[in-house]
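Chemist: Given next are the chains, with one letter for each unit.
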Amino acid sequence: MKKKLVVIGNGMAGARAVDEILKRDRDAFEIVMFGAEPYGNYNRILLSNVLNQTQAPDDIFINPLQWYTDNDITLHVGVKVTHIDRAQKKVFGLKLSKGTPPYGSEVAGEKGADLIEADYDELIVATGARPFVPRIKGSDLPGVFLFRTIDDCDLIADYAKNCKKAAVIGGGLLGLEAARGLMTHDLEVSVIEAADQLMPSQLDREAAKILEGAMGAMGLRVLTRTFSTQLVEKNGKVGRLVFNDGSLLETDLVVISAGIVPIVEVADKSHLKVNRGILVDDQMRTNDPHIYAVGECIEHRGKTYGLVDPIWQQVAVLADILTGVNEDAEYIGSKTGTKLKVMGVDLTSMGEKETDETDDEILVYRDPSRGVYKKLIVRDNKIHGAILLGDTELSDSLMQLFQNEKPLPENRGEILFGSIEGARLFNAADLPNSAQICNCNGVCKGDILSAIDNDNCTSVAAIGTKTRAGQGCGSCRGFIAQLIESRIGKVSYDASEHYYVPGIPLEKSQLVREVRSRGLKSVSATLQVLGEGEEDPTTKTGLASLLKTLWPKDYEDERDARFINDRVHANIQKDGTFSVVPRIMGGVTSPDELLRIAQAAVKYKAKMVKFTGGQRIDLLGIKKEDLPAIWKDIGLPSGHAYTKAFRTVKSCVGTDFCRFGLGDSISLAQEIERRFQGVESPHKVKMAVTGCPRNCAEAYVKDVGIVAIEGGCWEIYIGGAAGSTIRKGDLLCTVDRPEAVIQYTSRFLEYYRQHAKYLERTYGFVERIGIDLLKGILIEDSLGICANLEEKMQEAVDAYKDPWKEAEDPLYPFQFDGPGLIEVLQEAENNG
Amino acid sequence: MEKSWRINLGPIEKVPLGQGLCYQVEEEGIAVFRSRDGLVTAIENRCPHSNGPLSEGIIGNGEVVCPLHGHKFDLKTGMGSAPNETVRTFPAWVEEGTLFIEYHPALVELVKL
Ligand code: SRM
Ligand SMILES: Cc1cc2nc3c(=O)[nH]c(=O)nc-3n(C[C@H](O)[C@H](O)[C@H](O)COP(=O)(O)OP(=O)(O)OC[C@H]3O[C@@H](n4cnc5c(N)ncnc54)[C@H](O)[C@@H]3O)c2cc1C
Ligand code: SF4
Ligand code: FES
Numbered sequence: 001m002k003k004k005l006v007v008i009g010n011g012m013a014g015a016r017a018v019d020e021i022l023k024r025d026r027d028a029f030e031i032v033m034f035g036a037e038p039y040g041n042y043n044r045i046l047l048s049n050v051l052n053q054t055q056a057p058d059d060i061f062i063n064p065l066q067w068y069t070d071n072d073i074t075l076h077v078g079v080k081v082t083h084i085d086r087a088q089k090k091v092f093g094l095k096l097s098k099g100t101p102p103y104g105s106e107v108a109g110e111k112g113a114d115l116i117e118a119d120y121d122e123l124i125v126a127t128g129a130r131p132f133v134p135r136i137k138g139s140d141l142p143g144v145f146l147f148r149t150i151d152d153c154d155l156i157a158d159y160a161k162n163c164k165k166a167a168v169i170g171g172g173l174l175g176l177e178a179a180r181g182l183m184t185h186d187l188e189v190s191v192i193e194a195a196d197q198l199m200p201s202q203l204d205r206e207a208a209k210i211l212e213g214a215m216g217a218m219g220l221r222v223l224t225r226t227f228s229t230q231l232v233e234k235n236g237k238v239g240r241l242v243f244n245d246g247s248l249l250e251t252d253l254v255v256i257s258a259g260i261v262p263i264v265e266v267a268d269k270s271h272l273k274v275n276r277g278i279l280v281d282d283q284m285r286t287n288d289p290h291i292y293a294v295g296e297c298i299e300h301r302g303k304t305y306g307l308v309d310p311i312w313q314q315v316a317v318l319a320d321i322l323t324g325v326n327e328d329a330e331y332i333g334s335k336t337g338t339k340l341k342v343m344g345v346d347l348t349s350m351g352e353k354e355t356d357e358t359d360d361e362i363l364v365y366r367d368p369s370r371g372v373y374k375k376l377i378v379r380d381n382k383i384h385g386a387i388l389l390g391d392t393e394l395s396d397s398l399m400q401l402f403q404n405e406k407p408l409p410e411n412r413g414e415i416l417f418g419s420i421e422g423a424r425l426f427n428a429a430d431l432p433n434s435a436q437i438c439n440c441n442g443v444c445k446g447d448i449l450s451a452i453d454n455d456n457c458t459s460v461a462a463i464g465t466k467t468r469a470g471q472g473c474g475s476c477r478g479f480i481a482q483l484i485e486s487r488i489g490k491v492s493y494d495a496s497e498h499y500y501v502p503g504i505p506l507e508k509s510q511l512v513r514e515v516r517s518r519g520l521k522s523v524s525a526t527l528q529v530l531g532e533g534e535e536d537p538t539t540k541t542g543l544a545s546l547l548k549t550l551w552p553k554d555y556e557d558e559r560d561a562r563f564i565n566d567r568v569h570a571n572i573q574k575d576g577t578f579s580v581v582p583r584i585m586g587g588v589t590s591p592d593e594l595l596r597i598a599q600a601a602v603k604y605k606a607k608m609v610k611f612t613g614g615q616r617i618d619l620l621g622i623k624k625e626d627l628p629a630i631w632k633d634i635g636l637p638s639g640h641a642y643t644k645a646f647r648t649v650k651s652c653v654g655t656d657f658c659r660f661g662l663g664d665s666i667s668l669a670q671e672i673e674r675r676f677q678g679v680e681s682p683h684k685v686k687m688a689v690t691g692c693p694r695n696c697a698e699a700y701v702k703d704v705g706i707v708a709i710e711g712g713c714w715e716i717y718i719g720g721a722a723g724s725t726i727r728k729g730d731l732l733c734t735v736d737r738p739e740a741v742i743q744y745t746s747r748f749l750e751y752y753r754q755h756a757k758y759l760e761r762t763y764g765f766v767e768r769i770g771i772d773l774l775k776g777i778l779i780e781d782s783l784g785i786c787a788n789l790e791e792k793m794q795e796a797v798d799a800y801k802d803p804w805k806e807a808e809d810p811l812y813p814f815q816f817d818g819p820g821l822i823e824v825l826q827e828a829e830n831n832g
Numbered sequence: 001m002e003k004s005w006r007i008n009l010g011p012i013e014k015v016p017l018g019q020g021l022c023y024q025v026e027e028e029g030i031a032v033f034r035s036r037d038g039l040v041t042a043i044e045n046r047c048p049h050s051n052g053p054l055s056e057g058i059i060g061n062g063e064v065v066c067p068l069h070g071h072k073f074d075l076k077t078g079m080g081s082a083p084n085e086t087v088r089t090f091p092a093w094v095e096e097g098t099l100f101i102e103y104h105p106a107l108v109e110l111v112k113l
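The listed protein sequences derive, respectively, from chains D and B. So that you can map any letter, position 506 of the first sequence is 506 in my numbering, and since no number is skipped, the others follow by simple counting. So that you can map any letter, position 61 of the second sequence is 61 in my numbering, and since no number is skipped, the others follow by simple counting.
Excised from the complex, chain D in its bound form (with noise of 0.2 Å):
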């Protein structure tokens, strides 16, 4: 009589080991094989494809169902098995529900569904491995995905159609292809991976540079070091992504792939042993000798692994031992290399990717230009790690060199460069014009050209809104970039709306860690490090206002890089004169005060007095050389009327007169003023303190507005507007005590400091960021990063210096001077 044999797990082992096994003896064994998924056994790799729409899902099966009626399989398709009764040899399974996700770690069977169960003399345990989820809150939301089966493309692309843009979490190799997969669903897609760099575990740092801007070019935005904390529900799907450091993502669809988890439930319940994965030993063996395991839920000799070929080494050496064909074959281990599939990005890595070891050789190539880097570590004359990228011509051969333990020619140059004959220099730029290069939009070479020259497209992404290229599978956007390189040098990204500053081609969170980790304080600094030098003005203005806010203390005033306004700290007017707006805290000033002012008045002959509407006075039209003179004879600090900065606290008479007064608005107005003036902040900050909600002193449409309530309470409204756009402001929280009120203002203001964009006012930060979150944010504390807030803005506000103090000692020489006359007749040389 024949012996049972069980599989649990139809995956690529499971269904591989019986394959090895019935080409050994057709005859050994009668087969019962239990699969999770509702499929006979496909090609998990070529997933990748059919997310990319370049393979449909029914050209990737290796078994379909016919198969294992050929060969006398049972199959039991969507069962999960539950359970393994040693002692009895059998195992139990449970026919999945609709729906039910093959790799949950809960079982959900159908409504009334029978056990199903079957005896085994030998025991295969290919339950594979499931993808691992990191703690982030809102993972479960509808929207956000996971990628290991057909039904999750499946779902994935179903949900696509809906959406503009994606997220994956997970930088590797499987989110990268995932990441392209979904571009070619027109989506606006963006990888975040929290490792400074792309594939961290197969690349060194300079490949993973050169694979990030190639990635860019395709128009696939990366953001390393970027860590998700939460994922915030907008209209009941995913809306946005939350990162540690409180900036957001706003995403419809996000796709995690973190790594992966080996599957060992069953084998655990069974008493089996289990680390990271099943146990076993060089015969593929658990602690129970007639249960086997293979594929991604093992661990042997303390590794685990995530790809096909140790599984295909696996399954020879188990279908040997199990047929008896040779009952000594062992597995010792697989050294693995790892292939990017990606179309337009040629990339290969085995082994190790540094060494610390002096006596290996590292031999390196690179070739900016055409993003080629090449890397081999050579120890005792073998390959002992090598990166190959933009270039895997020798990929193969190299591999078998790896995986062998060959010694490698004397000749290095060979290895890196293979034969002269062999070497493949393929660039679309060889190519005649009337080639065509985007199949499923028929455009040819030429087209693409002459939107290059003819139509300043510079991007891969301008190209194709220009001639429809590289819009259909994608598969040609390599190409798009190689010839925009070969025309103009460069390709451009398109990332560019995100950026901070034009000049600098970064997202303000990522110019804000490379800023912070170079140290650099001064705009012309970051200029060279970060912007190529190039001296946009926008730029610069922007760059100076985060690098004050980033650096209180010790940034560097440049101030060639700040608007006249800021150079010499008035409101340049019409006529090329100045305005002075004294700070007068809370709008309540003193006899004296406006003694003084008149006099400066008459003395600089202001052209105008007037009350602003920010309760205070401005002298309008003062010379710039005088700018100093009636500061000093002014005797009050600079009110800021003229750059992004906090700017006023308007007060209403409150509880010291008015009869419906409820809260001391006047108090509370000029301490929050003393506190916050002149603190730089991406736009004018305008915050006001009313006594009451009738709402006097218009808090509600403030920056930051307070109102005094009933029972000493005090309201805290922000994003309020009243200058172009009109917008009440939305509640933040309700205190009682003014302490509290200075403590979330002070919440509220860094955090928008850090997160808001360049020339983003509170109104349109708020809304874009929705008050719900920032709740969380700032009052729940859900990010952990309210202390830090407070802190930094403590550190602003100890560095605040008044401006107007330059009048006694001016920042640079010739600081207020006018225009300096020069009398021709006497100096000039007629040349005639």
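Please note that the accuracy of each hint is not assured.
Unchecked claim - Pairs of lysine to aspartate or glutamate residues, derived as EDC-like cross-links and limited to a Cα-Cα distance of at most 16 Å, are as follows: (1) 14(B) x 625(D); (2) 382(D) x 360(D); (3) 89(D) x 122(D); (4) 14(B) x 817(D).
Keep in mind the hints are simulated off the structure, nothing from the lab.
Here the structure of chain D is known, so what remains is to put chain B with the ligands in place on it, guided by the hints.
Modeler: Structure of chain B with the ligands alone, referenced to chain D:
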């Protein structure tokens, strides 16, 4: 025949690094700029859009941005970003720390003369 003068504007240090300064030569304001890479340029100080003082503008990438409404002008050619706007340019150079320009009065004045 066009008249022009070589004019000594005094020490170059008067113009703050990366900024501009206005010199009044006869009736005319001339904006002199000293960029961070050492380039010295001189243009008419009056913005053709609405008389903005160009010497108070931010410079970068070889252009100055008018402080009033943001029109841009090429510092070497005087070419403006808005249609039909140009400013006059004057050769400018530094000799041993002293700033010189070659001044030629505006055409209107030549006609007057
Ligand atoms: C002096 C003053 C008008 C007055 O005589 O009352 C004034 C004058 C100017 N405002 Fe204002 N605003 C003045 C109160 C306001 C107010 C009312 C208030 O502060 O309570 C608002 C509505 C609230 C707000 O800020 O949104 C206001 C909304 C604006 C806006 C529209 C901002 C917006 O995004 O909606 C601008 C334009 C801008 O910022 O881009 C602006 C810009 C300007 C500028 C700075 C335009 C400029 O760049 O040159 C004006 C300077 C004139 C000059 O030559 O000095 N001003 N401006 C007020 C000074 C207040 C103060 O004491 O600091
Ligand atoms: C998108 C993608 C791209 C990849 N690209 C590559 C690549 O380029 N190169 C490479 O080498 N590798 C690649 N891999 C990895 C490769 O696919 C895996 O290494 C391989 O599939 C592992 O095989 P396995 O049989 O161990 O697990 P699986 O293929 O996952 O098979 C396990 C099967 O068992 C089922 N199962 C689990 N528990 C039970 C249970 N209790 N009862 C019944 N059935 C159960 C699962 O549902 C699954 O169908 C890729 C993987 C993915 C997802
Ligand atoms: S509303 Fe403000 S910006 Fe407009 S003219 Fe009056 S002061 Fe100037
Ligand atoms: S005056 Fe120069 S731009 Fe308007």
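Chemist: Mind listing which of the numbered hints don't hold for this structure, in increasing order?
Modeler: none
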